[in-house]
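Please work from the sequences and hints to get the whole structure.
Sequence lines, in order, name chains A and B.
The first sequence maps to residues 45 to 503 in my numbering.
The second sequence maps to residues 45 to 503 in my numbering.
Honestly, the hints are just simulated from the structure, not real lab data.
The beta carbon of each residue, even a glycine, is placed where N, CA and C say it ideally should be.
Which stretches of chain A does chain B cover? Using the computed rule of at least three CB atoms under 8 Å from a CB of chain B, they are:
| # | segment |
| --- | --- |
| 1 | 355 to 369 |
| 2 | 395 to 408 |
Pairwise CB distance ranges (calculated):
| # | chain 1 | residue 1 | chain 2 | residue 2 | range |
| --- | --- | --- | --- | --- | --- |
| 3 | A | Ala332 | B | Ala146 | 42 to 48 Å |
| 4 | B | Glu367 | A | Pro339 | 33 to 39 Å |
| 5 | A | Arg411 | B | Asp70 | 42 to 48 Å |
There are 2 protein chains.
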Amino acid sequence: MSELPTLAEAADRIRAQTLSPVELLDRCLDRIDRLDGRLRAWVVVDREAARRAAQQLAIEAVRGEFRGPLHGVPIGVKDIIDVAGLPTRAGSPLRENHVAAADAPVVAGLRRAGAVILGKTVTVEFACFDPSPSRNPWDPAINDAPRHTPGGSSSGSAVAAAAGMCLGALGTQTGGSLVRPSTYCGVATCKPTYAVVSRVGVVPVSYHFDHVGPIARRIADLELMMRCLPADDDFGPRGAAAAPSGELDFRRQAIRPPRLGTLGGFWEETADDNIRQATHAAIERLTAAGAAIVPVETDVNFSRIQPMHRRIMGVEAATVHCEDYRRRPEAFGPLIRRLLDEGLACSAVDYAAALAELRGYRRRVARLFDSVDALIVPSTHTTAPPTLETLTGTSEFQAPWSAAGAPVASIPSGLAADGLPAAVQIVGRYHDDRRLLAIAQWCETVFDFDNVPPIAREV
Amino acid sequence: MSELPTLAEAADRIRAQTLSPVELLDRCLDRIDRLDGRLRAWVVVDREAARRAAQQLAIEAVRGEFRGPLHGVPIGVKDIIDVAGLPTRAGSPLRENHVAAADAPVVAGLRRAGAVILGKTVTVEFACFDPSPSRNPWDPAINDAPRHTPGGSSSGSAVAAAAGMCLGALGTQTGGSLVRPSTYCGVATCKPTYAVVSRVGVVPVSYHFDHVGPIARRIADLELMMRCLPADDDFGPRGAAAAPSGELDFRRQAIRPPRLGTLGGFWEETADDNIRQATHAAIERLTAAGAAIVPVETDVNFSRIQPMHRRIMGVEAATVHCEDYRRRPEAFGPLIRRLLDEGLACSAVDYAAALAELRGYRRRVARLFDSVDALIVPSTHTTAPPTLETLTGTSEFQAPWSAAGAPVASIPSGLAADGLPAAVQIVGRYHDDRRLLAIAQWCETVFDFDNVPPIAREV
Numbered sequence: 045m046s047e048l049p050t051l052a053e054a055a056d057r058i059r060a061q062t063l064s065p066v067e068l069l070d071r072c073l074d075r076i077d078r079l080d081g082r083l084r085a086w087v088v089v090d091r092e093a094a095r096r097a098a099q100q101l102a103i104e105a106v107r108g109e110f111r112g113p114l115h116g117v118p119i120g121v122k123d124i125i126d127v128a129g130l131p132t133r134a135g136s137p138l139r140e141n142h143v144a145a146a147d148a149p150v151v152a153g154l155r156r157a158g159a160v161i162l163g164k165t166v167t168v169e170f171a172c173f174d175p176s177p178s179r180n181p182w183d184p185a186i187n188d189a190p191r192h193t194p195g196g197s198s199s200g201s202a203v204a205a206a207a208g209m210c211l212g213a214l215g216t217q218t219g220g221s222l223v224r225p226s227t228y229c230g231v232a233t234c235k236p237t238y239a240v241v242s243r244v245g246v247v248p249v250s251y252h253f254d255h256v257g258p259i260a261r262r263i264a265d266l267e268l269m270m271r272c273l274p275a276d277d278d279f280g281p282r283g284a285a286a287a288p289s290g291e292l293d294f295r296r297q298a299i300r301p302p303r304l305g306t307l308g309g310f311w312e313e314t315a316d317d318n319i320r321q322a323t324h325a326a327i328e329r330l331t332a333a334g335a336a337i338v339p340v341e342t343d344v345n346f347s348r349i350q351p352m353h354r355r356i357m358g359v360e361a362a363t364v365h366c367e368d369y370r371r372r373p374e375a376f377g378p379l380i381r382r383l384l385d386e387g388l389a390c391s392a393v394d395y396a397a398a399l400a401e402l403r404g405y406r407r408r409v410a411r412l413f414d415s416v417d418a419l420i421v422p423s424t425h426t427t428a429p430p431t432l433e434t435l436t437g438t439s440e441f442q443a444p445w446s447a448a449g450a451p452v453a454s455i456p457s458g459l460a461a462d463g464l465p466a467a468v469q470i471v472g473r474y475h476d477d478r479r480l481l482a483i484a485q486w487c488e489t490v491f492d493f494d495n496v497p498p499i500a501r502e503v
Numbered sequence: 045m046s047e048l049p050t051l052a053e054a055a056d057r058i059r060a061q062t063l064s065p066v067e068l069l070d071r072c073l074d075r076i077d078r079l080d081g082r083l084r085a086w087v088v089v090d091r092e093a094a095r096r097a098a099q100q101l102a103i104e105a106v107r108g109e110f111r112g113p114l115h116g117v118p119i120g121v122k123d124i125i126d127v128a129g130l131p132t133r134a135g136s137p138l139r140e141n142h143v144a145a146a147d148a149p150v151v152a153g154l155r156r157a158g159a160v161i162l163g164k165t166v167t168v169e170f171a172c173f174d175p176s177p178s179r180n181p182w183d184p185a186i187n188d189a190p191r192h193t194p195g196g197s198s199s200g201s202a203v204a205a206a207a208g209m210c211l212g213a214l215g216t217q218t219g220g221s222l223v224r225p226s227t228y229c230g231v232a233t234c235k236p237t238y239a240v241v242s243r244v245g246v247v248p249v250s251y252h253f254d255h256v257g258p259i260a261r262r263i264a265d266l267e268l269m270m271r272c273l274p275a276d277d278d279f280g281p282r283g284a285a286a287a288p289s290g291e292l293d294f295r296r297q298a299i300r301p302p303r304l305g306t307l308g309g310f311w312e313e314t315a316d317d318n319i320r321q322a323t324h325a326a327i328e329r330l331t332a333a334g335a336a337i338v339p340v341e342t343d344v345n346f347s348r349i350q351p352m353h354r355r356i357m358g359v360e361a362a363t364v365h366c367e368d369y370r371r372r373p374e375a376f377g378p379l380i381r382r383l384l385d386e387g388l389a390c391s392a393v394d395y396a397a398a399l400a401e402l403r404g405y406r407r408r409v410a411r412l413f414d415s416v417d418a419l420i421v422p423s424t425h426t427t428a429p430p431t432l433e434t435l436t437g438t439s440e441f442q443a444p445w446s447a448a449g450a451p452v453a454s455i456p457s458g459l460a461a462d463g464l465p466a467a468v469q470i471v472g473r474y475h476d477d478r479r480l481l482a483i484a485q486w487c488e489t490v491f492d493f494d495n496v497p498p499i500a501r502e503v
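Written as structure tokens, this is what we have:
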């Protein structure tokens, strides 16, 4: 078997005992050996622990014993999320020695479901803005003079999943940190409804916007991972109460062509030609397959979300880092420093006013779904820009949904005119995450995009 | 019928057609005429609208048509909550002309259930600290030289319900504004789980602590009102998702003697002798009736909640009032001015740190219920103090639960040694409000306290 199985395919084969967890792990390690010198997706690969886990899971599989939906599947974990025994470096020199005593609940959930935790993937410094060393597997010049950013901040998770160095990965999003790198690298991701998935054991950026989510090649892969992620335990049982119903049998659900809302305005005007054309093409294919595409009227001014988002993120990031920042400002990169300076200068009243604005925005977003099943908008306003050294892109198209807290699935729709991947975000009703994934899977089937980058085919 | 029916009794009699909504309204208006000169519970009594409503509801009742559980029941509304066509003065000279265009959803919910909205009850200025003119119906000197505060900020609602000028009333709590006046006035109240009941159309004090709740003589009365209060619509469907189940048939539920946790420490040390004795007596009676009383171990330091609560409340109140306050500082009372000054001087990072502390506190409170059905603590640390002109009391014993957001029912347990009412708070699991009310009703039956104040018996 030389082709690259998706996570869901690999999980099925392991269960059918036609693929061994050890063989699958070896294939991932082989890809890491061949590709990661160029792609730089990993901070640490814990080969020994992964091999021991895979061997144990292989023994169980032979006996017909399976721990859960991810039995034997190698998974990468963004390096701001705790994995017991490994440092959580968060892309910062300040955290060289922060060895995690315990798994974050999301990691523990994956392990319980049988996942092999393969290692820690590269993150942008404290999951903010200053670029990481990771590279974009779709960059045409990847082998000599790479120029296109893989996006951030979950750079390593997106790169590793795209190149098949693992079958799925955990990332986080505060602005655009799941959707942007996933789009630039041609993989799928979902950002769950706000506060549905546990954030314990994750280095915080901004309480009101931080989300943990999975990255993988296909929506079915994401759905398997989502099933294993425990609920947020903030505010007593609220997280659990709000968790999506487990009743819906995702894989078997016969989804009818959905009714998808478009937003026009800001989304049309901000997208560049590459993305505008790719999005129109994607929508045409969905329409041809039977989807109803409906313009949604709204008084929400999406171009005004960014300052509110930045103010809240700046204050909350400053709250997390203020002690370290006052002690060792030089240990922070230039982009995060600007953010922290803004946060430190803000008054409580201005921050509280931004939080009130956020609540009003969330109420208005909730009404966008009155007449449609989900919204469809481009995932990014450009394809991966040639800013490898300077910027991981910007979050114009992702931050509105991080702020809203509505669930998002991002699906690569194909290659744009410039040969780089484009994707669409399907945005669903609050707390209806599983239905959103089913809708996104319907769209993915229509797009039928083979999202393995050329570099990953060589292997 | 000369005795004073409770809300639930009156509702039953109206349904049985042995009491007419018009007769009931007249009885309330008669009490207002005789008592409110001394008690000062009302800002405005809307006699004409109330009479029209009662007449219409009486016609329907004769036909055997009943709108809902509150058909024909006169209800008072704290004057920070919008009632269509009446000003929402919020106890401030700044709001003389703020006539509400529409009912707040909570008021609309009561009306839909058949309530007669009788008028607006006195609130402390902007529901904060500076005393209102209302007086305590239990004050032994009520007829000549009243000295004991009725508590605040829902002063008028507690006084009106205690004196039978209405059968129930809406109030709000940010620190102790439902539980403290209800305790001082000898009536029952419940503060629902945070963000379960709508706050739209209510003048805000502090987003993270504001709760709307009912005040009445008995728990069964509160339960009827709670059924009619619509869910908070913040963050899409979250409020609704978190709303207590309507399945439990509260009145018929056979509650077994509950397992109640005590907290000792801060709660024992802060209470004065009157309250300590009254609480011990209450707990002894519950024990004799079969309740299990269990000391709960906790690392929560309840004496440290107050500064965190005050910081958040100050910032959020300043956010609400900053424009008016900068323009007309002299229009604000001395106690709220100090609060607003603190809020305006706070940095965003310090406020955000307080919010993070709040979240950690809520998680720890959630764990207090691991081994008990509910907690029992005194409602106040003293009975109504003789500070009618200067202070409505302080919120040491109420603010911890406003901050926690856990649901609370406060029940008068009897008269303390000084002849003034004492009460206990039963604190329940998050989102389990209906079960909490059932437990509180069990306790109330054990206490069997006739909570009609002497002044209300004269009428």
